[in-house]
Amino acid sequence: MTMRPLRFLSPVTAEGCFIRQAGGMHRFGRVVLRIEPSEEPGMTYAWEVSEAQIPSMYRQATLEGIERWFSHGSALHGYELQQTMVRVVDGAHHKTDSNELSYTFAAAEAFALAVNAAELIDRPLVFNKAE
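Mind the numbering: the sequence shown is residues 221 to 351 in my numbering, read in order.
Heads up, a few of these hints could be off.
[Stated by the list, open to error] Quick list of the computed label-pair ranges, beta carbon to beta carbon:
(1) SER230 to GLU287: 20 to 30 Å
(2) ALA337 to ALA266: 31 to 41 Å
(3) GLY243 to THR264: 38 to 48 Å
(4) GLU287 to ILE341: 20 to 30 Å
(5) GLY244 to ILE341: 41 to 51 Å
No lab work stands behind these hints, which were simulated from the structure alone.
Positions of the beta carbon are idealized from the N, C-alpha and C atoms, including for glycine.
Use the sequences and the hints to build the structure in full.
Right, here's the structure in full:
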C-alpha cells in the first residue's frame, strides 16, 4: 500500500497519562508532547525533559509509543506523517510505579490526542526563509 504524506499545519500540545492499580502492582507514566511542522523530511524527535521529569531509561519506550501509534497502518488511514517535529516537553514519573510500558502507553495516548486535535494537510509545507 502506498502511503500518502500528511503534515501538521500548526503546533499542538497534548498530554498522555497511564495510571493503573491492580492488586499490589501500580503503573504510572506521564508524557507531554508538542508536535509541530518542521522543515526536515519525515519525523524528527527532540527530548526536552530533565532526568527529574522522565528518567532517560524511559526515553526509548516513550519514542516507541509514538512510533507504534501509527506504524500499524490504519491509525492514519493510509497516510504517513512528514515534515513533523515531535518534542517531549514535560512528563512525570514515580520512583517505584513507573516502567517502560507505562511510558509507551502514555506517549501513544499523547500522540493520538495531538493528531485528533491537529489541523493536518496533505500537501508539502513551504517555509519562507528570512533574509
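**Asked** Of the numbered hints stated previously, which ones are contradicted by the structure, given in increasing order?
**Response** The structure conflicts with hint 2 only, although it agrees with all the remaining ones.
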